[in-house]
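Visitor: Based on the sequences and whatever the hints tell you, model everything.
So the sequence shown is numbered by this note's numbering: it starts at 1 and just counts up by one.
Everything labelled a hint here was simulated from the structure, so no lab data went into it. Watch out, some of these pointers could steer you wrong.
To be verified - The list that follows gives simulated cross-link-like pairs (lysine-lysine, PhoX-like), each with its CA atoms no further than 20 Å apart: (1) K105 with K94; (2) K99 with K145; (3) K49 with K39; (4) K166 with K209; (5) K272 with K166; (6) K48 with K38; (7) K39 with K180; (8) K105 with K93; (9) K272 with K247; (10) K249 with K94.
To be verified - Label pairs and their in silico Cβ distance ranges: (11) Y254 with P70: 33 to 39 Å; (12) G199 with Q56: 29 to 35 Å; (13) G65 with E98: 46 to 52 Å.
Note that the Cβ used here is the ideal one computed from N, Cα and C, for glycine as well.
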Amino acid sequence: MKKIKQAIAAGVISLAVIFSGGSVLADHTGDKEIAVVKKGDTLYSLAKKHHLSVTQMKELNDLTGTTIYPGERLILSGEEAGYHKVIAGSFSKKENAEKRAAMLKRIEIRTAISTAVIDGITYYRVQAGAFKDKKNAVNQLEAVKKAGINDAFILSRGELHIFGLKLGDAYDDIISRMGKPKKTETQLNSKSLYYQGDGAGVRAALNMKDGTIGSLAVYPEYLSPRMLPALPFTKAEAVKMYGDANKIKTVTCYESAKCEELTYELDDFELKVRIDRDKTTVQFLEITYRFK
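Guide: Here you go:
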């Protein structure tokens, strides 16, 4: 897994537990936590309190140093949820991937072809299964290698999320993870949350049936990198978190400017990361269902 910042999948957060030296918001399972830094906290004291090393805290939150600030929201645990995919070959030509897939099909190993863009080049990957349990992926990998495909490997990828928020999470999880906004605007089933400046830092469309998150867009320009260090504000941070995109394309963003759009796909979900015309700054991140 490309660390994915070891980001947390946010569950239904229902309990606020206050510790001396920092407040922690935790869900009912107790294994998905976020700390809000209080005056007097140090990275060392928070790491020790939550049984982590300073190095782990820095990696989880993409910190380059040990300085932290009151109000900062820090991730406290990693998330291994997602899939372990068996990749039975990666090719720059689609026809070669199709030949490999056909060969595996003949020996009754089911495959699918996916894409990944690496350094601007699209590669066609032959996927021979995706497994929640890594042991099953290892067994499949052995079967593929016995078929003579020695370049097969396991690719682990976590669930698609934005700062630990996923589709299907409760609306209140946004507040629990990202903090209380200065104001909220509601229109039909959509909510816009304003944190700083005139723009909405978060926009969420809620499912009419149960009020859970149906789509989520986050605009880093209107959020604070100091308060949310684990949120990707640059292209480099996004790639470090999510890995190689399934698709990359050039789109018209505003005033006829050309921007880059990275698309990640997993199961029924799709995450788009729009990069500004400066080729560095993240304009927005949006997670939606692939099949509407």
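Visitor: Does each hint hold? Answer for all of them.
Guide: Evaluation of the provided hints:
1. K105 with K94: Distance of about 16 Å is within 20 Å: holds.
2. K99 with K145: 16 Å, holds
3. K49 with K39: 15 Å, holds
4. K166 with K209: 17 Å, holds
5. K272 with K166: The given pair, whose Cα atoms are some 13 Å apart, holds under the 20 Å limit.
6. K48 with K38: 15 Å, holds
7. K39 with K180: 19 Å, holds
8. K105 with K93: It holds: about 19 Å lies between the C-alpha atoms, which stays within 20 Å.
9. K272 with K247: Measuring from Cα to Cα gives roughly 9 Å; hence the hint holds.
10. K249 with K94: The given pair, whose Cα atoms are some 18 Å apart, holds under the 20 Å limit.
11. Y254 with P70: 33 to 39 Å: 35 Å, holds
12. G199 with Q56: 29 to 35 Å: At 33 Å between Cβs, range holds.
13. G65 with E98: 46 to 52 Å: Given a distance of about 49 Å, which is inside 46 to 52 Å, the answer is holds.
Against the hints set out earlier in the document, no violation occurs for any number.
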